[in-house]
Amino acid sequence: MSDYARRLNLIDLNDYPVSWWNGLLELAHEILSAPQDYAKACDGCIMGTLFYEPSTRTQMSFQTAMLRLGGTIIGFDNPATSSVAKGENLKDTTKIVSGYADIMVMRHPVEGSAKAAALTAECPIINAGDGGHLHPTQTLTDLLTLKEEKGSLENLTIGFCGDLKNGRTVHSLIKAMSCYKGSRFVLISTPDLGLPAYMKDMLAADGLSYKEVSRLEDAIGELDVLYMTRIQQERFASEEEYLAQKGAYILDKEKMKLAKPDMIVLHPLPRVDEIAIEVDDDPRAMYFRQARYGMFVRMALILTVLHKNGTPPALIRGREHKSVKCSNPRCITHREQYLPHFFEGSGDILTCEYCDQRTLI
Amino acid sequence: MSDYARRLNLIDLNDYPVSWWNGLLELAHEILSAPQDYAKACDGCIMGTLFYEPSTRTQMSFQTAMLRLGGTIIGFDNPATSSVAKGENLKDTTKIVSGYADIMVMRHPVEGSAKAAALTAECPIINAGDGGHLHPTQTLTDLLTLKEEKGSLENLTIGFCGDLKNGRTVHSLIKAMSCYKGSRFVLISTPDLGLPAYMKDMLAADGLSYKEVSRLEDAIGELDVLYMTRIQQERFASEEEYLAQKGAYILDKEKMKLAKPDMIVLHPLPRVDEIAIEVDDDPRAMYFRQARYGMFVRMALILTVLHKNGTPPALIRGREHKSVKCSNPRCITHREQYLPHFFEGSGDILTCEYCDQRTLI
Amino acid sequence: MSDYARRLNLIDLNDYPVSWWNGLLELAHEILSAPQDYAKACDGCIMGTLFYEPSTRTQMSFQTAMLRLGGTIIGFDNPATSSVAKGENLKDTTKIVSGYADIMVMRHPVEGSAKAAALTAECPIINAGDGGHLHPTQTLTDLLTLKEEKGSLENLTIGFCGDLKNGRTVHSLIKAMSCYKGSRFVLISTPDLGLPAYMKDMLAADGLSYKEVSRLEDAIGELDVLYMTRIQQERFASEEEYLAQKGAYILDKEKMKLAKPDMIVLHPLPRVDEIAIEVDDDPRAMYFRQARYGMFVRMALILTVLHKNGTPPALIRGREHKSVKCSNPRCITHREQYLPHFFEGSGDILTCEYCDQRTLI
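Chains as they are written, first to last, in my numbering: chain A, 1 to 361; chain B, 1 to 361; chain C, 1 to 361.
Calculated directly from the structure, the hints in this document are not laboratory data.
A few of these clues could be false.
Since the list gives no way to pick out one identical chain from another, each pair is judged satisfied if it fits inside one copy or across any two copies.
25 Å max Cα-Cα, derived DMTMM-like pairs, lysine to aspartate or glutamate [unchecked claim]: (1) Lys150 x Glu240; (2) Lys181 x Glu212; (3) Lys91 x Glu53; (4) Lys308 x Asp37; (5) Lys325 x Glu241; (6) Lys40 x Asp348; (7) Lys322 x Glu212; (8) Lys165 x Glu149; (9) Lys91 x Asp280; (10) Lys165 x Glu30; (11) Lys322 x Glu239; (12) Lys257 x Asp37; (13) Lys325 x Glu278; (14) Lys91 x Glu149; (15) Lys253 x Asp43; (16) Lys211 x Glu88; (17) Lys253 x Glu320; (18) Lys260 x Asp15; (19) Lys257 x Asp15; (20) Lys165 x Glu336; (21) Lys322 x Asp262.
Every value quoted in this text rests on a predicted model; they were computed, and no experiment measured them.
Between the sequences and the hints, there should be enough to build the whole structure, so can you do that?
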């Protein structure tokens, strides 16, 4: 195991306090106000982009961020042709690449892989998506967009529309916005695709206001922010139901007429048809600008990590339980056998430190 | 639609006057005479290379050009593994990438795609080939080679040998050279693979001299320039005919003996066997140096576009005809449904602004 | 043929005298002692990486080396999607890319391809592996690791463990270490996978000390260096034999207890299971640091080649024998028909200058 305690990784946004997030958003604001002041800030630094599954948009966003700081890039993006990604365990690959690079960005289809890599890497790791688990720079992108476009992260009424059951992006942003005063959530979905119970329990426990509605038209008028997500046909009980209901979750010019003049529309992209193209010309459509904010917040993050601003959070908070196996079959510990079985908690329920799955023992 | 009127795109060479071409060739000459003077000219700038079909040679030429100006590169080249190229419409991809990059180079298998992208992009677009339609930087490469190697673009006798019916490169260069005084064209091909009638009509209308011959040996002696192209077996009526005729269109040492001592041989590359490898050592063989000229002319182009030298041409000269569909099934308007149907002209015949197909209405 | 005599290529380490190797290792030492002094040493230079087969690790090592010298990179890595690698002969591709780049690094599955490319390229070529033939920068990596970690390349007892019959890496390092005073070799393998007779003859002819043992445990105690390599199941006569014997060639904590406290373990990577992961935490495990030394020795090499330090060795030492064909079916001369048949030697036996195969005529 490397001396990981000294590194400023970003595995999970919740490893850091809200004050750290706010510092990052302020730095991003400074950068977008005067990008030329940062054009050489990472001169001589190399970023390794290890994309174990293709995600061209995220990869280009990170690459641009590093280039606009004066740094350079190595990496791979195509597991099919990369000899590294094929025959080798995660530890060896990250050991080797972190011997070349100053910072690594990793995208991997298996949950908990970013933390696993951070355990043995020789440089800081940024999690660019580990399966369905976490994607912290998407949430930072969303926060920067809200901060820049609404002026403050407080007292916002945010509607989430689409598949709220399965959306990693939605869950992360709700959790993040729960930390800001006066957030109100409007959950716009079918009964089957609503926010999971544990998320609603969390909101209730925090004393946060939320309501659920089934039609976008009924809620759009009261929103400061509309966060659109894709709603996939295969999530519906039948094709008939899909055809009958999908219109209620598609944003078009007609529905935009019902919205406040200063409401903004966000979308993590790519979109399919949940936002009609005619909406693009509406000045409230913010999703393309949101992608550009993602570049600036990644610049702030790379700068913070490389300049070692802040106290590294503990990577492992619990301890090793050799005989316990994580109950999540999609957890990296099932694929990389050498990984120590780190869990947090005590008593009957242990939480896997890699994938956050709770296992009853 | 973005504010495209302010951008200096290069979609079609004919969008610009000949004086602009000449300015570009002069700048390319300055760059190749003193490349070190331009080594930081685009410092801090990012080029996005969007290659929707692989074209390694063209992509490397553009990348080298940008790097030799001190800029950097993002992009993709492999539609099979690029998540951007797969699930997303052209508008969204170009919107996002043009939010990251300062200039975009696009190669796409569908005709008219470069202009479609330019309509909504947030930065200038260079067309690096849109299907069988246009490839303006190849023509600029050819012009720079002629200018540098022959000293002038006037009073040249140029032979075109091979498949003159289907060659985009040949048609573009003939059109371009028609604008220079004293050009004479010798068309060397089989009757079936000769220059299309509309091209010959254009030459005749411009009062330009051309003649057609069927054997390279009969014409090579009078040429200042020999432009070789591939002639594919499948274009011949039968294998027998191919075997009987192909020798007449293959350049070898014997035929080079018949040529002037200062004739030069060009080829857009890749070659298959239409130029024997024994010709490579002849000082008149210019095709490898031609590839290198391509790098310099692309440097000049990138510099011109990024430094905004020149008046942007009108991207759309006609108007929208909502009910008319372009009659070319390979036109981008058939694939990207949201595109406005822009046509030039009036009366019965409209010309599609994307792919230049004439449609009778 | 280009004016190849003036170029400082690295095709085969044995083209250079030992003093040149030592100079390279000293420069690598200077670079790793003060990398910031070299951060702009290749500013404005472009490296072309032509990987005709994927080798992500080697490619990233070269790319990092060039970036850490302030240079930039073009190239391809995926023969399936590269249009260059598909339809074009090696000569045309290297002609074109060497017109763009200042230095080329080539990996190719066919033996002798690096020398073939060097014959016509317009810039220096570094061989990053030509089939089973040569991989000189791996050997340089091994030498630098030994030099840095043991202090000297003289008087070392080196054990080679695993498949010593087929390992290109092993053969090259033995040949290289034969040039240093006091080298002793311990060959640890099965009888079937032992060092080839011609290699043992070479050692004997040079008066060098070697011994053969069949179990790692019997030899590990006397070693200064243990060089581990993969031993593939399919090399054994049967699965039973594999299962019975493989334990003798796997390095684990138990066997490490038998080794000297200052022995070091090397491995060219990737490993499969011939080194247990538990060994990684042993301070004598040097294989990840070895990969990092590879980056530094490649920096030294690129710098030496680009700054033209040293006398270029003769690329062709023999002469053309038009009517003789190399007897090695994996030789590049069988694939690229235009290549002159260069052989060294006289009388009955000629040695192919591309692949070093001896042909009886």
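Which numbered hints does this structure break? 1, 5, 6, 7, 8, 10, 11, 12, 15, 16, 18, 19, 20, 21
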